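4 protein chains.
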Amino acid sequence: MNITSAQSDRIIAAAKAKAIEIAIPMSIAIVDEGANLKAFYRMDDAMLGSTDIAIKKAKTSRLFNINSGEIGKQSQPGGDLYSIEHSNDGLITFVGGILLKNHQGETVGAIGVSGGSLKQDEEVAAAGAAAL
Amino acid sequence: MNITSAQSDRIIAAAKAKAIEIAIPMSIAIVDEGANLKAFYRMDDAMLGSTDIAIKKAKTSRLFNINSGEIGKQSQPGGDLYSIEHSNDGLITFVGGILLKNHQGETVGAIGVSGGSLKQDEEVAAAGAAAL
Amino acid sequence: MNITSAQSDRIIAAAKAKAIEIAIPMSIAIVDEGANLKAFYRMDDAMLGSTDIAIKKAKTSRLFNINSGEIGKQSQPGGDLYSIEHSNDGLITFVGGILLKNHQGETVGAIGVSGGSLKQDEEVAAAGAAAL
Amino acid sequence: MNITSAQSDRIIAAAKAKAIEIAIPMSIAIVDEGANLKAFYRMDDAMLGSTDIAIKKAKTSRLFNINSGEIGKQSQPGGDLYSIEHSNDGLITFVGGILLKNHQGETVGAIGVSGGSLKQDEEVAAAGAAAL
Numbered sequence: 001m002n003i004t005s006a007q008s009d010r011i012i013a014a015a016k017a018k019a020i021e022i023a024i025p026m027s028i029a030i031v032d033e034g035a036n037l038k039a040f041y042r043m044d045d046a047m048l049g050s051t052d053i054a055i056k057k058a059k060t061s062r063l064f065n066i067n068s069g070e071i072g073k074q075s076q077p078g079g080d081l082y083s084i085e086h087s088n089d090g091l092i093t094f095v096g097g098i099l100l101k102n103h104q105g106e107t108v109g110a111i112g113v114s115g116g117s118l119k120q121d122e123e124v125a126a127a128g129a130a131a132l
Numbered sequence: 001m002n003i004t005s006a007q008s009d010r011i012i013a014a015a016k017a018k019a020i021e022i023a024i025p026m027s028i029a030i031v032d033e034g035a036n037l038k039a040f041y042r043m044d045d046a047m048l049g050s051t052d053i054a055i056k057k058a059k060t061s062r063l064f065n066i067n068s069g070e071i072g073k074q075s076q077p078g079g080d081l082y083s084i085e086h087s088n089d090g091l092i093t094f095v096g097g098i099l100l101k102n103h104q105g106e107t108v109g110a111i112g113v114s115g116g117s118l119k120q121d122e123e124v125a126a127a128g129a130a131a132l
Numbered sequence: 001m002n003i004t005s006a007q008s009d010r011i012i013a014a015a016k017a018k019a020i021e022i023a024i025p026m027s028i029a030i031v032d033e034g035a036n037l038k039a040f041y042r043m044d045d046a047m048l049g050s051t052d053i054a055i056k057k058a059k060t061s062r063l064f065n066i067n068s069g070e071i072g073k074q075s076q077p078g079g080d081l082y083s084i085e086h087s088n089d090g091l092i093t094f095v096g097g098i099l100l101k102n103h104q105g106e107t108v109g110a111i112g113v114s115g116g117s118l119k120q121d122e123e124v125a126a127a128g129a130a131a132l
Numbered sequence: 001m002n003i004t005s006a007q008s009d010r011i012i013a014a015a016k017a018k019a020i021e022i023a024i025p026m027s028i029a030i031v032d033e034g035a036n037l038k039a040f041y042r043m044d045d046a047m048l049g050s051t052d053i054a055i056k057k058a059k060t061s062r063l064f065n066i067n068s069g070e071i072g073k074q075s076q077p078g079g080d081l082y083s084i085e086h087s088n089d090g091l092i093t094f095v096g097g098i099l100l101k102n103h104q105g106e107t108v109g110a111i112g113v114s115g116g117s118l119k120q121d122e123e124v125a126a127a128g129a130a131a132l
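Chains Y, U, X and V supply the protein sequences, listed in that same order.
Positions 1 to 132 (my numbering) are the ones given, in order, by the first sequence.
Positions 1 to 132 (my numbering) are the ones given, in order, by the second sequence.
Positions 1 to 132 (my numbering) are the ones given, in order, by the third sequence.
Positions 1 to 132 (my numbering) are the ones given, in order, by the fourth sequence.
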């Protein structure tokens, strides 16, 4: 199953509401089942650099069917996946990318969030994912 | 002046409404004053390839402060700007990218639309730009 | 619907059989529904440069839901899509890329073939597509 | 000597059989003597991100005439080859890329496998290499 615009709209709205609640301007990206960009939203005052990071977090999550931060645990020096970030035109392997699954448990895409601390990025991404 | 999310929301909503009216699924991209991606929306069933084209049309427009199709008139074989598409990580120089100006006439960004015929892309981009 | 390995195997076998029949070594690429590489086969003595062309033909076809050569008709100097090849990390817009549809008419991916004349590439791609 | 399609077919068949045996969907890539892609196979349900990693493991192995994981031992912080992954359009330097040598001991190409744990990737790559 692939993500729909109706789903993507709900996810971005929920993520944005959480970002406003914690008062951190964020970039929010959604990729579809094929890891292709479906939607993107950069809030006013979010850092320019957060655009590409949000997109790459979402892609990383979908490419490996796991939250982006899980890859980062294994890509540290000495880790099994050290330097995996050089693949797939660049990965972002810290937290903030979360796999999106529908009620049937099927993966439909992924969300990536950037702009705050890792904890804040994760919180906003989780709020988005919960809205699916 | 830079485009705001409130403006970008209005522009995308208006472009999407026009796309729905003419029944063509479209990709719609907004870049800001710095030619950086501000928002992106791929409607269900829009061609996958329209994502990058919409973004590149918006960038092309803002990078040269002109509608994307105007560049294309000069980039033909023998033209003054022949092969300018090789610059800036790739331009798209046919119509569908329109500069966004506020009521004071200041450029705040650009919109790019892809997914239909050139006429349809232009129509949807113009509907978006008019909502600013 | 996404292409399966069983389908991809049949398609490549049929394309290869046709290439052998006409005695032209070919590169054959299959992309899936999301335009991601599913399978690739370079026959002995196929030109090295045919690898990337076969892959890009398949991607081009899936990105725009049309056979690759149809794009090329519109991307000539003066055409509506002039220089579209600069999008999506490079397109190949001459013939040899064919959309793959299942018996229900759903697009499941695309095939791209390179190594011979355009007529030969098209013939081999068509033989592959017919095996789906 | 360069790898032939007959050899490549045997190698991919053996690697695929091992992947099926251990029930892990894998991406399997073969590069030739010139480090150019010869064949690629992504099994159903293999992670999308495994495509590029399998190809880069094979290339890394052939580019340096050594198994990919051997490079990784020297590319860690403080190591002799620290950050070598930035070369050659991106390397993958953990295990799963194995040099392919014929019975005369001549290098004919390399295989790269991705999709499972490092141990599983290595096991599948080794099964493929043994079939040469």
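Quick caveat, the hints were computed from the structure, so don't treat them as lab data.
In this text, all values refer to a predicted model and were calculated from it rather than measured experimentally.
Glycine included, each C-beta is placed from N, C-alpha and C at the ideal position.
One should not assume that every hint holds.
Okay, derived cross-link-like pairs now, DMTMM-like style, lysine to aspartate or glutamate, Cα gap no bigger than 25 angstroms in a straight line [stated by the list, open to error]:
1) X:16 - X:52
2) U:16 - U:122
3) V:73 - Y:44
4) Y:16 - U:80
5) U:73 - U:9
6) X:73 - U:80
7) Y:16 - U:122
8) U:119 - X:21
9) X:101 - X:45
10) V:119 - Y:70
11) U:73 - X:70
12) X:16 - V:80
13) U:73 - X:52
14) V:16 - X:80
15) V:101 - X:44
16) U:101 - Y:44
17) X:101 - X:44
18) X:16 - X:80
Selected chain X positions facing chain Y (Cβ under 8 angstroms, derived; list incomplete) [unchecked claim]:
19) 33
20) 107
21) 126
22) 130
Which chain X residues stay away from chain V? Per the calculated CB distances, all over 12 angstroms, these [what the hints assert, rightly or not]:
23) 14
24) 45
25) 106
Taking the hints in turn, this is what the structure says about them:
1. Between residue 16 of chain X and residue 52 of chain X, the direct Cα distance comes to roughly 17 angstroms. Compliance with the 25 angstroms bound is thereby established for this hinted pair.
2. For a cut-off of 25 angstroms, the pair hint linking residue 16 of chain U to residue 122 of chain U stands: about 13 angstroms separates their Cα positions.
3. Between residue 73 of chain V and residue 44 of chain Y the CA atoms are separated by roughly 44 angstroms; this puts the pair beyond 25 angstroms, and the hint is violated.
4. Under the criterion of a C-alpha separation no larger than 25 angstroms, the hint pairing residue 16 of chain Y with residue 80 of chain U is inconsistent with the structure, at around 45 angstroms.
5. Only pairs whose Cα atoms come within 25 angstroms are accepted, and residue 73 of chain U paired with residue 9 of chain U is rejected, the gap being roughly 31 angstroms.
6. Between residue 73 of chain X and residue 80 of chain U the alpha-carbon distance is near 24 angstroms, which keeps this suggested pair within the 25 angstroms criterion.
7. Among the hinted pairs, residue 16 of chain Y with residue 122 of chain U is inconsistent with the structure: their alpha-carbon atoms are about 30 angstroms apart, more than 25 angstroms.
8. The suggested pairing of residue 119 of chain U with residue 21 of chain X is violated, with an alpha-carbon distance near 45 angstroms, which exceeds 25 angstroms.
9. With a CA separation close to 30 angstroms, the supplied pair residue 101 of chain X and residue 45 of chain X exceeds the 25 angstroms bound.
10. Distance hint between residue 119 of chain V and residue 70 of chain Y is fulfilled; the C-alpha atoms sit about 18 angstroms from each other, no more than 25 angstroms.
11. Among the hinted pairs, residue 73 of chain U with residue 70 of chain X is consistent with the structure: their alpha-carbon atoms are about 22 angstroms apart, no more than 25 angstroms.
12. For the hint linking residue 16 of chain X to residue 80 of chain V, the alpha-carbon distance of about 45 angstroms lies beyond 25 angstroms, and the restraint is violated.
13. Taking the CA atoms of residue 73 of chain U and residue 52 of chain X, the gap is about 30 angstroms. The hint is violated against a cut of 25 angstroms.
14. The suggested pairing of residue 16 of chain V with residue 80 of chain X is violated, with an alpha-carbon distance near 45 angstroms, which exceeds 25 angstroms.
15. Restraint check for residue 101 of chain V and residue 44 of chain X: the C-alpha separation of about 18 angstroms stays at or below 25 angstroms, so the hint holds.
16. Distance check on the hinted pair: residue 101 of chain U and residue 44 of chain Y sit about 18 angstroms apart at the alpha-carbon level, within 25 angstroms; holds.
17. Only pairs whose Cα atoms come within 25 angstroms are accepted, and residue 101 of chain X paired with residue 44 of chain X is rejected, the gap being roughly 29 angstroms.
18. Straight-line distance between C-alpha atoms of residue 16 of chain X and residue 80 of chain X comes to about 35 angstroms, which puts the hinted pair past the 25 angstroms bound.
19. The interface hint given for residue 33 of chain X is met, as the beta carbon of that residue sits about 6 angstroms from the closest beta carbon of chain Y, less than 8 angstroms.
20. A least Cβ separation of about 12 angstroms between residue 107 of chain X and chain Y goes past the 8 angstroms threshold, and the interface hint is therefore violated.
21. For residue 126 of chain X, the interface hint is violated, the least distance from its beta-carbon to any beta-carbon of chain Y being 25 angstroms, above 8 angstroms.
22. Given hint, residue 130 of chain X at the interface with chain Y, is violated; its Cβ is 25 angstroms from that chain's nearest Cβ, farther than 8 angstroms.
23. The beta carbon of residue 14 of chain X is kept farther than 12 angstroms from every beta carbon of chain V, the shortest such distance being approximately 16 angstroms.
24. A beta-carbon of chain V is positioned within 12 angstroms of the beta-carbon of residue 45 of chain X; the least distance is around 9 angstroms.
25. Residue placement check: residue 106 of chain X keeps its beta carbon more than 12 angstroms from all beta carbons of chain V (closest about 17 angstroms).
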